[in-house]
Amino acid sequence: MATASENLTIVVVGASGDLARKKVIPALFGLYCQGFLPTKFRIFGFARTAMTSEEFRARAVENLTCRYVPGESCAQKMDEFLARCFYVQGPYASRDSFLDLFQAMQAEEGDEPADRLFYLAIPPSVFLDVSRAIGDAGLVQCGDRRPWSRVVVEKPFGRDRASSDALVAQLGHVFTEGQTYRIDHYLGKEVIQNLLVLRFANLIFEPIWNREHVQSVQISWQEDIGTAGRGGYFDSYGIIRDVVQNHLLQIVALTAMEPPQSLNAQHIRDAKVAVLRSVPPVSRDQIVVGQYARTVRDGFDLPGYRDDSGVEDDSITPTFAQVLLHVRNPRWEGIPFLLHAGKAMDEKKTEVRIRFKNVPGNMFCSEGTCPAPNELVICIQPDEGIQLRVANKVPGLGMTLEQQSLDLNYHAAFNRVIPQAYEALLLDALRGDKGLFVRDDELSAAWDIFTPILKELESHRAIPEPYAIGSTGPDAAQRLRRAVQESV
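With our numbering as the guide, the letters of the sequence shown map in order to residues 1155 to 1642.
Don't take each hint at face value.
Derived BS3-like pairs: lysine-lysine, alpha-carbon spacing no greater than 27 Å straight-line [claimed, not checked]:
(1) 1177 with 1231
(2) 1176 with 1231
(3) 1511 with 1547
(4) 1502 with 1177
In short, the hints are calculated from the structure, not lab data.
Nothing here was measured: the structure is a model prediction, and the numbers come from that model.
All chains should be modelled from the sequences, with the hints used to inform the complete structure.
In structure tokens form, the structure reads like this:
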């Protein structure tokens, strides 16, 4: 696996935005504190916002934290890191602006060849303008040999299959597929990375990870806040494009895929593509969409989604979606995969809940009531961990059973700082490891599942069912969930 050379330039395009300031730059600082950046490195921020390098550093330091080094040592590390940060301002579509960036990069790189990583922390609407300007200005070094050039692209990758294919093709005029790293930060989370280990390194799970023993799989993503001023952006995409088609579908792929041939990036992604191609497109009876509405609670009038700035009064953009997926292969045929994602819900959580079937002929059943089935709960946020729920005898003279959890809490079990998702993914990009990034055919397979239903919902102007802020979602979602539970 290629590692970063001793001369590295990182360019963060969109450096004035929240993603760059709150995630990307802090992640790079985390890598620096752990010694993962080479001796000679520099970071260039590029954006339309007018500011100096000093102002860029002043903004950046607001989000840097001392997670890996304490006290005075951290302050020294911050000073060293910020001294390597520079800023160039200009329009995204301007070749001349990127020529200015090129000159600034060359001045810092010197005569020694330098590897270059471009991070596009920008809206998809300007991906092509930026990539074209980068190419026209001569910043990209051909191929994946040293000195290499790579680009990290944030989701969403298009709006449907056609726009995604066009984006892949047009970006390919500047960066090859081998140079392109499509990032889904959920794949960098420790618990998600652990899915492969949990499944394939533990004998107690792999033999029962199939339709013979699993009753259902539920994957949930919830936020207890609304769009909070991001309504203008969110209204262009909605919860299906923003969360379900990427984050949740990636979790489905890792949960349901066959054992890969090896841990090689190509083999892992081959296995993910294969299982995604086994999922038929979502039909109208497999989905419930909702939108949080103005809610009065405890005497307070809470604004609904349509009250957010940038959102039209008649917007039909869903802030909630519940989707029933089927995986048509021998391992999972007939087992429901229920996905749900929503904003302004009753709690913040992301989890995978695998419910196993009841023990055949269970001797502890009485009067038609049996012990609750075993569940494996993979907690992704806010508290990373794994829970295995098992039937247990309640201490006492009678035979009373109660379900209890065997808990693994990551923070309690591992006495160390857990790396942030962006740290893990940026390090992989620098090393050239694409195992946790989305390949072009994987992207196409994901869009094939959701493009037809997105077109149907939008062409028919399907009205999302309103739900109260702080609730569990629309009533129709509860009905679909009950119907799924009763069918298995």
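Status of the hints after comparison with the structure:
{"no.": "1", "hint": "1177 with 1231", "verdict": "18 Å, holds"}
{"no.": "2", "hint": "1176 with 1231", "verdict": "18 Å, holds"}
{"no.": "3", "hint": "1511 with 1547", "verdict": "19 Å, holds"}
{"no.": "4", "hint": "1502 with 1177", "verdict": "20 Å, holds"}
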